[in-house]
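Novice: Sequence:
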Amino acid sequence: MCWIAIASLAMALSPAVSTEPVAGLYDVTISVASQSTRDRITVTRQALETVFIRVSGNSQIVDQPEIRKAVGDASIYIKRFSYRMDSVGVDQELYIDLEFESTLIDKTLREAGLPFWSSNRPNILLWLVIEDANGRRFINQENDADIFDAINSHAIRRGLTLRLPDLDLEDTIAVSPNDMWQLNSYKARAAAERYRADTLLFGRVTKLTSGAFLGRWVFNNSVDEIEFDGDAPTTDEYIGLSFDVIADDLARQYAIAPVGIADSGVIMRLVGINQFVQYARAIRYLESVSAIRHANVIKIEGDEIIIRLIADGSLSQLKQALALDKKLLLVEKINDQSSRRVDLDFRWPSI
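Numbered by mature numbering (1 follows the signal peptide of the UniProt record, and there is no 0), the letters in the sequence shown go through residues -19 to -1, 1 to 332 in order.
I should point out that these hints are in silico values taken from the structure, not numbers from a laboratory. Only a predicted model underlies this, so the values are computations on that prediction, with no experimental measurement involved. Backbone N, C-alpha and C fix where the C-beta goes; we use that ideal spot for every residue, glycine too. Be aware that a few hints might be false.
[As the list claims (entries may be wrong)] Per label pair, the in silico range of CB-to-CB distance:
{"id": "1", "residue 1": "I291", "residue 2": "F62", "range": "18 to 28 angstroms"}
{"id": "2", "residue 1": "Y266", "residue 2": "K60", "range": "24 to 34 angstroms"}
{"id": "3", "residue 1": "S15", "residue 2": "A213", "range": "25 to 35 angstroms"}
{"id": "4", "residue 1": "Q73", "residue 2": "E151", "range": "36 to 46 angstroms"}
{"id": "5", "residue 1": "A14", "residue 2": "G53", "range": "12 to 22 angstroms"}
{"id": "6", "residue 1": "S15", "residue 2": "K60", "range": "17 to 27 angstroms"}
{"id": "7", "residue 1": "Q122", "residue 2": "K280", "range": "52 to 62 angstroms"}
{"id": "8", "residue 1": "S269", "residue 2": "I59", "range": "52 to 62 angstroms"}
Go ahead and model the full structure; you've got the sequences and the hints to work with.
Specialist: Written as structure tokens, this is what we have:
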């Protein structure tokens, strides 16, 4: 069995809520039997599948014929690779570090009309209560190392940024293991408020004597709240299947398909532009947003600029992408005295 470990990614169990983009979406570290060409090709295909799933946000993306073809030609997607030995318990194991060509992967998804999920992703606060022979408690590193390892590895696999609560006195007062076991949404949201996370995932799980896991999750994704059950024979499978549900749900909101507003464009008014350096930074920022292909200035007047954005996806998805970045300030009410259509109204921050 080959274990994917993508250890270079700046994600997974974050010590504090971060709005930084997820790094290393196109990188994979995977164990390999030898340095032979045959073994390298085999694991490269497995690694490329992981990257396509992570970048699209769709756990079923490899079923698409265009992606199956790309995986078959995986070697052409490699930017660089290197081998290294690493310790696994008392043994040494051979790994290959693979970095794939991001532009080629993005192009493959775009040309196939498949969604792309940018590196700017909502962070997730995770609370989990476990019931075992010792009763109910919040998971902790000392007693539940296998759960922590699974959470970390599958967050990396799907490109998710997670943090766990501190479980300090303030948390203890706010919510108890029994509250969380009852999936009390009110208590969970109140306890989560201090962490200022974009989304909230909380759940309960029972560890059976066989080692199997049986549980239920609630995921508040800022748009709605979903509940789902989970069961699996091992810790790793339970967390992996659960995180597939979460990542797929988030991607349905944030992943952008190359259709919709790409041809006609949308009109943005950006106010608060008083210096050339602000103008340059604003245009540079807009063209860095993954959903935006081009930002074409069509008018400058006073401290505002009117921009035509050639972008993918829907207008609502573009608004979500800009809101998630937290770089621009939304102007709630458009007060346009001209006859020009304005689809988006934002302010460039003064600091």
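Novice: When the hints from earlier in the document are held up against this structure, which numbers fail?
Specialist: Numbers 1 and 8, in rising order.
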